[in-house]
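Could you use the hints to bring the two separately framed chains together as a complex?
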Amino acid sequence: MESILKAQKVAKKFGKLYVIDDISLEIKRGESVVLFGPSGCGKTTFLKIISGIIKPTSGEIFKNYGKLGFVFQEDRLIPWLTVEENLLFVNDDRTLSDKVLFMVGLEKFKKYYPSELSGGMKKRVNIARALMVNPDFLILDEPFSSLDYHIKIKLIKDFLELKKKFEMSVLAVTHDPKEASLLGNRILFLTSRPSKIFYEITVDTPESAEKRILGILEKFLSICY
Amino acid sequence: MNRILGFLLFVTFWALLARIINSSTILPTPVDVGRIFIDMLKDPIFYKNLISTISKGFMASTLILVLGIPLGMIIGFSRTIYSIFKPFITILQSVPVISWLAFAVFMWGIGWKGPVFISTMSLLPIVVINTASGIANIDSELVEMAKIYNVAKRKIIIHIYIGSIVPFILASMEVVLGNVWKTILVTEYLCGDHGIGVMIAWARSYIDTPQIFALTLVAVFLAIAMEYLSKLITRRLVKKWKVY
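Quick mapping for you: the protein sequence lines, in order, are chains A and B.
Numbering of the first sequence is given in our numbering, commencing with residue 1 and proceeding in unit increments.
Numbering of the second sequence is given in our numbering, commencing with residue 226 and proceeding in unit increments.
The following block holds chain B by itself, in its conformation from the complex (with noise of 0.2 Å):
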């Protein structure tokens, strides 16, 4: 109920402020928006953007997850190793967006890959720190106990070691498939072919502000979408971390 309260709080106070504008072009309205979203719908060009925007999105996340984990794991295990991947990982981590962009321009051109490329590239730095700090948040009594009944190692590493990053990698997950839209669109914009940042690109150059919020609108949906379904995924699994 507060929700749609806030919900519409929010519209009545952007179509007032539409109003005193009193520009398309600065601001359009809601009602503007809405039509212009409801049309953009029956478009099947636009969910031909819609689909290249989400396989990029799932492709960066699966890459950074899949390769985040285990390097973050094998960082983790040792302070030494630990203390030489910092550095690079804290670099990695202030990278902006608009550096990737020359190398993946070059190496790849306008498509698919440069998106995806440099998408993993700035999220990767987070996936592998909270795994990393995760391993080196293991519970030294819980080990010490396993060690004094000798469990095998295996049975160590499964419960003890894998249990205890879980939290840590669901809290990723979910990072992870709430951001990722977001570089997404910006690097479609910049060096993208097809997808709803490529889209954005188009209404800009025809100064199409209303297409633009419509867009926009899309982009929250999605990120809105992609993190109930992590929850989603991951609600059975939280019922057992839920001491974190």
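Excised from the complex, chain A in its bound form (with noise of 0.2 Å):
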């Protein structure tokens, strides 16, 4: 399998200050990576590295996809835009939109504000707006933490079937054990201050995978506090 992103020794600071240090990786296509470590220990500067919206202090980043889609933390829509209009902001093809709409469940919701959605709803929001470019490869930051239990894991659920359909690699962070081993095919744990690659696990079953999470979860933290 080809890769489609590849980082090398990429670290990165502020100040005096190494936030990131020396992080080596590589997805191939189709594959799914999870960046799994507490809040605060970079893995959201390191995504933005991975964007493009920082450049690192070194190391290098190959490239290798074509449409980059980014799912928020904090959905980031325009709030005096309704949500049909939030995802022409991106692409302007209305087509598009009306499917990838109906493909999220939100297609009776296009005219509403953002301000007028439940929190999973603005979560969905944010989804489409990621396909609205035929991304091959997605950015997910933290994408279900602020959600209900029971509707981070059907939305997850959702989101795994849209991720086939579109045959989009993804690279995820997050700090939840469930959401970790659900999402991806590769865990990475990632330390704080500076952030390093500290274990991987490599998913079976989601059942399996997050038995191991937990299972060096108090080792893990105690590491990174």
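Since the hints were made in silico from the structure, they are not lab data.
Virtual Cβ for every residue (Gly too), placed ideally from N, Cα, C.
Errors might be hidden in some of the hints.
Stated by the list, open to error - Listed next, with one range per pair, are the computed distances between beta-carbon atoms:
1. B:Thr441 <-> A:Asp98: 56 to 62 Å
2. B:Ile383 <-> A:Tyr112: 16 to 22 Å
3. B:Glu369 <-> A:Leu217: 27 to 33 Å
4. A:Ile54 <-> B:Ser308: 25 to 31 Å
Right, here's the structure in full:
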């Protein structure tokens, strides 16, 4: 399998402080990689480097994807635009926006404003917007963290369907063991300040992966804090 | 219902006070004022003056918004320009209406230009600062989102930048339309040739207090009507921006 993204010895300093130290990572086409670690461990900074918003202090990123979609932690919907207008903001294709809204189950809500939607629905719009660019690579930043448990599980299942349909490779960050084991083929444990890869799990089944995460969680967190 | 009750209470209190003072020069009764108000409504000269005041008000409001919004945007976009202009705006904001008067009278004499100029100068800083803070408060996360998706600059400006300052512009519009009448009236009184302010000046020189009160009523109605008008204009837009 060819790789869609390769990061080599990526490091990032803010002032004198190393936030990220020497992360190397390869994502194959169609693969889902989850970065697992506590809040504030530099995961978001790493995603910003990957998506090209900020430059690393050292190291290199090799990109081999066509279009990048980004699902934001705080949704980042434009409050004064309707659901449909929010999607058209990134791509003017109305046929696609109708199709994507149908896929996430929000076709009846296209004229609604974000403030009129629930947290789960906003997240669906956030995902739908990412799909508007026909992405082959999708980045998810703590995508389901603020949602109620049952909504979260439903949304993750729906998301995995979409992932298959769009044939996307995924890079997700989360601090939730359940989310990590459901989303990933591989789970990389990131320590905090500076962020480093501490451990890696290859997922056979989500259930066994979750158990393995919980098994080393205590030891991992003692290193992090 | 409560509003009507409040209004009745206010009129009763006024009537009582007028009876105690018992001098229509100091405080005329509501009945006197009402009678004069109705007489005034039959007088064509009153309407000529009313139209004069309203057109000055609209002229000043238009000038304030047309100058203030772009100026505020320019200042808001750059921190350097903002800090250069800030003291200038602060000074402008604290200049009393009276101080502009000499300048306006020497420049244009008695007429409509003085009141329009002075009202513009005294309300302009509010709109400039409002718009500038709207720009400064733009959600940088939305801009970052747009950059990740490679959204065109034109779309970012229309949907994120302009969108962010709309509530501030609407707020400015309400403030301007609600307050411009006060400065128009004062400046008409001081350097106008027509208008409600000029009528108040005449009434004062004849010591006609009931007339002054009746004209004040007109000014109050005018301000309320204009505020209502601005709400009417913005109500549709506000639905979209109700998050604020």
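Going through the hints against the structure:
{"no.": "1", "hint": "B:Thr441 <-> A:Asp98: 56 to 62 Å", "verdict": "holds (59 Å)"}
{"no.": "2", "hint": "B:Ile383 <-> A:Tyr112: 16 to 22 Å", "verdict": "holds (21 Å)"}
{"no.": "3", "hint": "B:Glu369 <-> A:Leu217: 27 to 33 Å", "verdict": "holds (32 Å)"}
{"no.": "4", "hint": "A:Ile54 <-> B:Ser308: 25 to 31 Å", "verdict": "holds (27 Å)"}
This entry satisfies every hint, going by the numbered hints stated previously.
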